[in-house]
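Student: Start from the sequences and build out the full structure, keeping to the hints where you can.
Just so you know, the sequences run in chain order A and B.
So in our numbering, the last one in the first sequence is 450, and the numbering has no gaps at all.
So in our numbering, the last one in the second sequence is 511, and the numbering has no gaps at all.
Please note: incorrect hints may appear among the correct ones.
Claimed, not checked - Quick list of in silico lysine to aspartate or glutamate cross-link-like pairs, EDC-like style, CA-CA up to 16 angstroms:
1. B/200 <-> B/60
2. A/124 <-> B/38
3. A/337 <-> A/76
4. A/337 <-> B/38
These aren't lab readings, by the way, just hints derived from the structure by calculation.
Residue-level listing of the chains:
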Amino acid sequence: MEGGGPPSTRPSTATDMKILITLTLVVGLIGAALLGGVVGESRSAGPAAAAPVQAEALRSEFGSADTVSLVGRLQDEARARPGDAQTNALLGLAYAQRARETGDAAYYTRAEAVLRRAHDLDRKNVYALTGLGGIALARHRFADALRIGRAAQAAAPGSAAPYGVVGDAQLELGRYRQAFATFDHMAALKPNASSYSRVSYARELRGDVAGAIASMELALDASIGRPEATAWTAVELGKLHWSVGRIAASASHYRYALQVVPGYVPALDALARVEAARGRTGRAIALQRRASEAIPLPGYVAQLGDLLAATGKGAAAREQYALVGSIERLQVANGVKVDLETALYRVDHGIRLHETLALARRAHAERPSVLGDDVLAWALARNGRCGEALVHSKRSLRLGTRDAAFFFHRGMIERCLGRPIAARAWFTRALVLNPHFSVLWSPTARRYAS
Amino acid sequence: MKRTILAAAAVAAAALAAVAAALVGPGPGNGTASSHREAPLISEDPVADNTDVYAFVSPDKPDTVTILANYIPLEEPAGGPNFNGFGDDVLYELKVDNTGDGDEDISYQFRFRTETRNPNTFLYNTGPIDTLSDTDWNRPQFYSVTRVDGKGGGISGAGRRTTVLAQSVPTPPVAIGPRSTPNYGSLMGAAIRTLPGGGKVYAGQIDDPFYVDLGSIFDLAGLRPFNPAHAIPLPAANGVDGVGGFNTHTIALQVPIAQLTKDRAAPTGPNDPDAVIGIYATASRQRVQVLGKDAQPLRTGDFVQVSRLANPLVNEVVIPLGEKDRWNASDPSDDAEFADRYLAPEVTRLENGLYGVLDDAPATSRDDLAAILLTGVDLRAVGGPINLNFTGSTKADLIRLNTGIAPTAPAGSGNRLGVLAGDLAGFPNGRRLEDDVTDIELRAFACGYGTVVGPVVQALGECGGNANRTPNNLLGDGVDRNDRPFHVGFPYAGEPHQGYEHVHHSSVGGP
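Tutor: If you want it as structure tokens, here you go:
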């Protein structure tokens with residue numbers, strides 16, 4: 001049983017104390033609920049033992065989601081009925097969920113195989129197609145995802161989920177007008193957490209943070225009764241507040257996520273950034289370590305490296321940075337495209353900059369999104385090609401996105417082009433929006449802004 | 001065999017949707033604002049999910065109709081710390097059509113609002129909750145009731161008359177256990193409120209009154225009492241109530257009949273032309289658009305219906321998976337487009353395929369099922385004395401209640417087989433809490449209507465000349481009553497199971 005919040009946190013105020021007590025209580029309550037579940041299960045071993053895994057899973061949905069045992073039972077089911085499309089589809093979705101829970105991309109490979117079998121058994125099975133679309137998205141294969149999403153729409157024209165696959169793919173391919181229309185259709189067909197969170201993201205990209213928060217709050221209400229979804233939505237809501245520098249509001253949402261799902265890893269990661277912003281680097285490192293050990297995503301590990309580096313622990317930081325490369329290689333081996341993420345990481349850390357520029361160009365060609373333009377702009381700038389960088393920086397801001405990192409990159413480009421006044425304005429803009437946008441670069445922005 | 005296995009999957013569609021929701025979960029987000037994040041693709045929305053709708057002439061107050069609209073499926077009583085409530089952003093509606101066109105003429109709208117009494121804790125309560133105003137209860141929920149007269153959906157519309165009937169009505173807390181909610185009955189009673197004009201209202205947690213052997217039916221449409229006759233035989237066994245020990249949330253409304261009928265009068269008898277009303281319930285959520293300006297007025301604007309329900313099991317067994325989102329957003333007055341699904345039900349094919357012992361019922365052109373579920377039945381068409389609940393030729397999935405048929409028993413004591421057993425105050429004339437809709441529908445789908453209704457359906461020329469096939473007329477899941485007794489008075493449903501102690505899978509009924 002993991003704790004609900006920063007375990008090493010020492011209560012500094014009465015409010016903190018109250019929160020700690022609450023955390024302890026809630027953790028106790030969760031334990032009791034889990035125990036109740038175990039007792040209930042053994043009690044049901046009599047006449048209900050024949051109940052299939054679907055019904056079991058239905059019931060467990062409102063308890064704590066135990067995907068590991070669900071996978072085991074679905075594997076049994078699939079062995080017993082290999083020709084059943086729906087069982088295979090559910091098993092595939094369960095593997096994909098394990099990938100998200102563990103960060104182990106090998107689960108995507110297993111998920112894809114089972115979902116393909118389900119699709120072959122029943123070409124119209126919307127879960128098989130949506131699952132395959134979701135895996136293509138997770139692997140950042142957005143052109144594939146678009147194709148699968150279209151097939152899912154054709155198979156189930158009355159379903160909202162395929163719109164999510166199509167819209168997400170359009171968004172990452174830089175087809176924003178189409179993506180926004182897709183999300184609008186999705187939200188008109190089914191206003192729920194899936195469509196609300198997508199409309200929120202689209203608004204965020206357009207720089208409408210207030211509108212993004214409003215839509216994400218609707219998503220939070222539409223997630224009631226599903227702890228994982230509630231926690232995810234709360235973290236996203238917190239990140240929106242964070243993106244415009246509202247640290248206290250963001251921390252409150254992260255803590256809420258940890259109340260709902262104790263040990264929720266994305267909340268630990270986000271809370272680490274809050275602690276770092278508040279100058280509590282030790283706590284930040286502890287939280288970031290917990291997050292990256294639970295789900296070793298490159299972003300979590302790199303952030304841990306940055307925090308260690310910022311406190312002068314160079315050797316420990318290098319250990320983490322070395323890990324980033326290994327994890328990315330594992331992801332690539334399981335079909336995940338990480339060019340854009342790798343390029344950004346390398347440009348940020350000054351690794352093989354010339355070679356990385358070529359990587360950024362390839363990534364941008366495949367993913368001409370605002371992020372693709374920003375990363376390419378940043379890679380060009382760090383290679384001294386600031387005129388070309390400016391073109392892509394302008395394109396990265398074409399939607400009006402308010403992203404402090406984008407603003408900072410622009411400042412660096414203007415500075416490189418010998419325009420100190422413009423550069424200072426961009427650095428100031430980045431810092432006014434979110435003074436703690438990056439452990440690595442915020443200090444640089446502060447230095448150059450003054 | 002493969003075909004029937006797939007059909008079984010269709011029966012279990014409701015369960016599968018929930019599984020998928022658990023599995024197509026969200027992934028961790030990325031660091032920067034504009035990088036790809038794995039938002040969930042399929043999102044179940046339990047607080048906006050209709051589970052069952054009941055409508056009956058109140059046995060203890062026969063000049064009124066009671067409607068219960070239930071939301072939140074299979075609510076685990078030990079749900080802490082994330083206890084369920086109604087959605088503050090959901091528009092809940094109980095709708096009445098009194099003109100037979102499938103479009104509502106009256107809508108009762110419910111909007112909820114959660115208060116936080118102590119902002120310093122996320123806990124539901126910090127001590128025993130003795131009264132509805134107890135300060136130890138941190139998250140009480142209140143609601144408003146608005147009656148809207150006139151056609152059209154959404155929160156407002158031209159030509160519609162809106163009357164606020166009640167505001168800030170309290171809901172009771174959820175049933176937690178002997179320490180947190182020691183006198184639940186008194187909390188429940190205190191939450192019943194009188195409406196102007198003689199109605200009553202209650203909204204809150206209840207024991208789920210639905211009873212069905214989910215565990216067996218989801219296992220290739222198994223019916224434990226019929227286990228030896230299944231294509232994959234097992235020893236016969238008692239049914240197990242799969243909903244036993246689970247709660248749900250209800251919005252219960254009791255209204256004088258004269259406030260619901262077209263002529264605004266109590267019916268003169270079952271054949272009063274205005275006696276039959278159609279009832280359904282919905283949940284809607286606010287529509288948002290990427291370029292929309294709805295950031296400020298969060299609780300207003302266009303609403304999109306995300307769930308609707310009238311007749312039991314229609315959403316589960318009649319509407320295919322890929323059509324559910326569209327069906328849930330559509331209006332009953334447009335149900336003609338789904339009529340083919342009623343005429344050729346998957347369930348009938350499944351019954352025929354899996355149970356060799358049954359006398360195979362026609363699996364196409366089932367006008368009898370379309371009539372029962374979409375238009376109602378007039379017994380006078382076959383020489384009977386009364387109109388049971390026919391509302392005209394418009395096909396619409398509604399619970400049709402003849403308000404001119406008097407109650408036949410105290411609440412909870414009617415014959416579980418309703419009209420099939422000659423108890424005309426039961427399903428499909430309205431739906432009472434005690435009606436065994438699973439057995440009734442299983443028999444109807446298999447043309448095993450019994451000796452009362454069989455001759456009627458036969459006289460209508462349906463079921464291939466035999467509407468009382470044997471042993472089809474004995475079909476059932478072996479669960480014949482709810483796991484908790486019902487109350488004889490409003491809101492009739494049983495008290496919710498408490499998280500501290502409850503039992504699932506109780507074995508009820510005989511083989």
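Student: Are the hints correct? Go through all of them and say.
Tutor: Each hint tested on the structure:
Among the hinted pairs, residue 200 of chain B with residue 60 of chain B is consistent with the structure: their alpha-carbon atoms are about 13 angstroms apart, no more than 16 angstroms. Taking the CA atoms of residue 124 of chain A and residue 38 of chain B, the gap is near 24 angstroms; set against the 16 angstroms cutoff, the hint is violated. With a C-alpha separation of about 32 angstroms, the suggested pairing of residue 337 of chain A with residue 76 of chain A is violated against the 16 angstroms cut-off. Taking the CA atoms of residue 337 of chain A and residue 38 of chain B, the gap is near 15 angstroms; set against the 16 angstroms cutoff, the hint holds.
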